[in-house]
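Let's have the full structure, built from the sequences with the hints guiding it.
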Amino acid sequence: MLDFITRLFGQQKQSRETAKERLRLVLIHDRASISPSVMGELKEELIAVISRYMEIDEDAIEINLSDVEDSVALVANIPVKNLKRTAQA
Amino acid sequence: MGEALVITSGKGGVGKTTTVANLGTALAKRGNTVVLVDADIGLRNLDVVMGLENRIVYDLVDVVEGYCRLRQALIRDKRVEGLCLLPAAQTRDKNAVNPEQMVALIEELKEQFDYVLIDCPAGIEQGFRNALAGAQRAVVVTTPEVSAVRDADRIIGLVEASQLPTPTLVINRMRANMVKHGDMMSIDDILEVLAVELLGVVPEDDYIVVSTNKGEPAVLHNNSKAGLSYRDIASRIMGEDVPIPVPAESEGLIVRLRRMFGSR
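Chains S and U are the protein sequences, given in the same order.
Heads up: the first sequence begins at 0 in numbering that gives the first Met the number 0, then just goes up one per residue.
Heads up: the second sequence begins at 0 in numbering that gives the first Met the number 0, then just goes up one per residue.
None of these hints come from the bench; they were simulated from the model.
Hints are not guaranteed to be accurate.
Claimed, not checked - Within a straight-line C-alpha distance of at most 27 Å, the following computed DSSO-like cross-link-like pairs (lysine-lysine) qualify:
#, chain 1, residue 1, chain 2, residue 2
1, U, K213, U, K224
2, U, K179, U, K28
3, U, K28, U, K213
4, U, K77, U, K109
5, U, K224, S, K12
6, U, K179, U, K224
7, S, K19, U, K10
8, U, K10, U, K179
9, S, K19, U, K28
None of the values given here were measured: they were computed from a predicted structure.
Structural data, given as structure tokens:
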């Protein structure tokens with residue numbers, strides 16, 4: 000009964016929606032199944048690009064797929080050692 | 000020359016064996032010659048579901064190892080014309096057979112039957128690869144649960160990675176009332192994530208338990224909801240254009256009364 004009332008007033012998320020959402024997140028991870036070699040490649044390229052603009056700590060870089068609230072994000076933690084002097088006009 | 004279909008799922012307990020038994024029986028009732036191959040070596044079940052367990056003399060491994068002729072291992076179902084079972088071995092394991100041997104076996108069966116239905120074991124190991132080896136088409140069975148759909152997704156990927164075309168999907172044990180109340184994923188929810196073609200939807204049906212108790216596929220029973228859905232799926236496998244009805248469960252009086260008074 001209480002269950003019905005909470006539903007009636009829309010306070011409870013329907014379990015169907017919960018299932019869909021959990022499934023969506025799980026499948027993103029499953030399908031991504033980014034192999035360590037692909038992840039390594041991505042890391043190398045990121046380092047190359049970012050190094051053009053700043054000096055970074057290559058050994059301390061962390062790149063992971065993680066859940067951020069309702070979505071999946073590629074999270075990169077890239078410690079910056081020094082910013083390069085940019086010649087601004 | 001017949002066609003070989005593998006019925007697979009990844010997760011166990013979603014109804015692969017029930018699906019194979021019912022589709023095979025339905026296809027045979029429509030006048031096709033059909034052989035059901037139990038590829039679940041070591042954990043055979045299709046014989047029991049079909050009610051043919053007492054007639055096994057030789058099995059699939061005996062055939063592959065040359066202890067008997069294929070003809071000797073085939074069990075003819077006396078209830079339906081043109082229906083046969085090739086049972087799995089119970090005392091061996093999945094490594095007793097390799098994919099090359101399965102390809103040869105299925106080829107031989109295709110020469111004699113219109114349809115070869117292969118009951119795949121759960122999992123993604125050797126048994127799965129064996130079951131896939133001789134097939135031209137794959138049918139993935141799932142239920143509207145997160146775990147089953149997740150495994151179905153993995154299996155679809157593995158089937159595509161082999162040389163087979165994208166599998167079609169059977170959603171089993173659907174409960175229309177639960178979907179209506181927002182407590183079960185709908186057909187569309189599942190198709191949205193899996194992005195495959197739907198072959199059929201089978202409603203939850205208590206009669207499946209009864210039919211398994213008896214060893215009599217539900218399609219032989221005229222009042223089984225699941226049996227009717229399996230007949231439709233068999234027609235679709237034969238290439239007929241049968242629309243897929245959205246299962247609307249007829250509600251019992253109790254359910255309606257409960258709804259009226261707002262409790263569940």
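The hints, checked one at a time:
Note on K213(U) and K224(U): the hinted pairing holds, with a Cα-Cα distance of about 17 Å set against a maximum of 27 Å. Restraint check for K179(U) and K28(U): the C-alpha separation of about 34 Å exceeds 27 Å, so the hint is violated. Between K28(U) and K213(U) the alpha-carbon distance is near 19 Å, which keeps this suggested pair within the 27 Å criterion. Annotation: proposed proximity of K77(U) to K109(U) holds, straight-line Cα distance about 21 Å (limit 27 Å).
Under the criterion of a C-alpha separation no larger than 27 Å, the hint pairing K224(U) with K12(S) is inconsistent with the structure, at around 31 Å. Restraint check: the Cα-Cα separation between K179(U) and K224(U) comes to about 18 Å, which is no more than 27 Å; the hinted pair holds. Between the alpha carbons of K19(S) and K10(U) the distance comes to roughly 18 Å, so the proposed pair stays at or under 27 Å and holds. The hinted pair formed by K10(U) and K179(U) meets the criterion: a straight-line CA distance of about 26 Å does not exceed 27 Å.
The straight-line distance between the Cα atoms of K19(S) and K28(U) is roughly 38 Å, outside the 27 Å bound, and the hint therefore fails.
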